[in-house]
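*Asks:* Listed below, chain by chain, are the residues.
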Amino acid sequence: MQKEPAVSADQMLAFETDCHLFSGCGFEAPGLHSFVFEPMFSIGGFDFNKPILLALVGTLAIVWFFWAAFSRPKVVPGKLQMIGEAGYDFIRRGVVYETIGKKEGEKYVPLVVALFFFVWVMNLWSVIPLAQFPVTSIFSIPLGLALLVYLVWVPLTFKRHGFVGAFKNFTGYDPSLPGGVRPLVMVIEFFSNLLVRPFTHAVRLFANMFAGHMLLVLFTIATWYMLNGIGIAYSAVSFVMTIVMVAFELFIQLIQAYVFVLLTCTYIQGALAEEH
Amino acid sequence: MNALVNMAETEVPQNPLIPPIPELVIGLIAFAIVFFFLWKKLLPSINRVLEERREAIEGGIEKAEAAQQEAADVLQQYKDQLAEARHEAARLRAEAQEQGAALIAEMRAEGQRQREEIIAAGHAQVEADRKQAAATLRQDVGKLATDLAGKLVGESLEDHARQSRVIDRFLDGLEEAAEADASGAAR
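In the order they appear, the protein sequences are chains A and B. Quick note on my numbering: the first sequence kicks off at 1 and runs consecutively. Quick note on my numbering: the second sequence kicks off at 1 and runs consecutively.
Treat each hint with caution, since some may be false.
[Claimed, not checked] Using 27 Å as the maximum straight-line C-alpha spacing, the simulated DSS-like pairs for lysine-lysine come out as follows: (1) A:K79 with B:K40; (2) B:K131 with A:K103; (3) A:K74 with B:K41; (4) A:K102 with B:K40; (5) B:K143 with B:K131; (6) B:K131 with A:K79.
[Stated by the list, open to error] Short derived list, chain A residues pointing at chain B, Cβ under 7 Å: (7) L53; (8) V57; (9) A61; (10) P110; (11) F139; (12) G144; (13) G172; (14) P175.
By construction, these hints were calculated from the structure, which means they are not laboratory data. Glycine is no exception: its CB is placed at the ideal position from the N, C-alpha and C atoms.
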């Protein structure tokens, strides 16, 4: 693992290699520092580090895959095209058409498809050997995407309903509510929809990937740390847990990418919906 | 000590929820690249092919449906024609039978009529002949009798009415005798 030329040992390993149980060395638990990387190089004030490298490589990988699959498509598809089509169709039909509808949703298909595969691949880095770091556990990435989505659906609400209509939409204005409760509901809805929503949208993805990475690092470090004397038995348990967690993370990565785009579609659908 | 751990110990790790702006920008640029390629080039390209495929499949189905429809139409047409032909044949047969029966009946009636005509004509002829013969005979017999009577009596019977009455009486007597003869012969 240390042979990777572009990335130094500091970038690769989140713990010390010569520290073991019964060797008078304490266990270095993973923590926030597991998510901080030394810059490989700096341009101006900007530090180019491992998450950024992974983000760029992941971007290239997505573009490469879809280029190979879709740039010269055939009516009778090849293997790569078939896989790409399956993924594309899953998002288009299973998410966009299901929530927004075919007529209104068609416009948002590219955005949602790009979002899904971007988030998924950035999640996927978590279990890819040598990389093993989910880019989405750096809060900037999900936050940027959530803000982008926010900038899609908020102007859309204004465009669709006008200023008053948009205000009613944001505040969940409902004349059937009793007069005393109505202002309260409107204040809560306003905060919930307009202020908290982008934050929860981003944090949901970030926190899942953050916690997942923490668990993987924990079991990996523990496996190595306990690999001494009787500790080998514990180490084996920890190793099995590492494998189990990798499988679990694969599942969570997909689910979180799916949830992220599903929420995106729900927000857009809410912006398009008639007043209720 | 690992440099990473060093750093972790020397610096207080920043709050993970405070995003560094450069990462935010890089992340968005990365996403923009993916989005741009998919939006402008790759999804339109695959959509075109998906549409083509859908048309190809639906076109095939439509063609098959059209062929099936045509076959069904032809079959129906054939059946209709067959039924029509059968119907026509039955109709012709019935018509022919009817015509034949009518013809026979007509011919029979015609024959009957002709026969009766002939018989009636024969009867009429016979009657006319008989009447003529009777009239001729009556004249001739009357003349002969008068002549004979004139010769015998030597004088002409002057009274025409009387003469006629006498002759008639005579002839009636003759007829009665002849009838009596005829009935006797028949007996």
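*Asks:* Hint by hint, note whether the structure agrees.
*Replies:* To see whether the hints hold, each was checked on the structure:
1. With a C-alpha separation of about 23 Å, the suggested pairing of A:K79 with B:K40 holds against the 27 Å cut-off.
2. For the suggested pair B:K131 and A:K103, the alpha carbons sit about 117 Å apart, so the restraint of at most 27 Å is broken.
3. Restraint check: the Cα-Cα separation between A:K74 and B:K41 comes to about 15 Å, which is no more than 27 Å; the hinted pair holds.
4. Simply put, A:K102 and B:K40 have alpha-carbon atoms about 20 Å apart, close enough for the 27 Å limit, and the pair holds.
5. Taking the CA atoms of B:K143 and B:K131, the gap is near 18 Å; set against the 27 Å cutoff, the hint holds.
6. Distance restraint check for B:K131 and A:K79: the Cα-Cα separation of roughly 126 Å exceeds the 27 Å cut-off, and the hinted pair is therefore not satisfied.
7. Interface restraint check: A:L53 against chain B, minimum CB-CB distance 10 Å, threshold 7 Å, status violated.
8. For A:V57, the interface hint is violated, the least distance from its beta-carbon to any beta-carbon of chain B being 10 Å, above 7 Å.
9. A least Cβ separation of about 10 Å between A:A61 and chain B goes past the 7 Å threshold, and the interface hint is therefore violated.
10. For the restraint placing A:P110 at the interface with chain B, the shortest Cβ-Cβ distance is roughly 4 Å, inside the 7 Å limit, so the hint holds.
11. Taking 7 Å as the C-beta contact cut-off toward chain B, the hint placing A:F139 at the interface holds, the least distance being around 5 Å.
12. Below 7 Å, beta-carbon pairs count as interface contacts, and A:G144 has one with chain B at about 4 Å; its hint therefore holds.
13. Interface hint at A:G172: violated, since its Cβ lies 27 Å from the closest Cβ of chain B, which is beyond the 7 Å cut-off.
14. The interface hint given for A:P175 is broken, as the beta carbon of that residue sits about 38 Å from the closest beta carbon of chain B, more than 7 Å.
Against the hints set out earlier in the document, violations occur for numbers 2, 6, 7, 8, 9, 13, 14.
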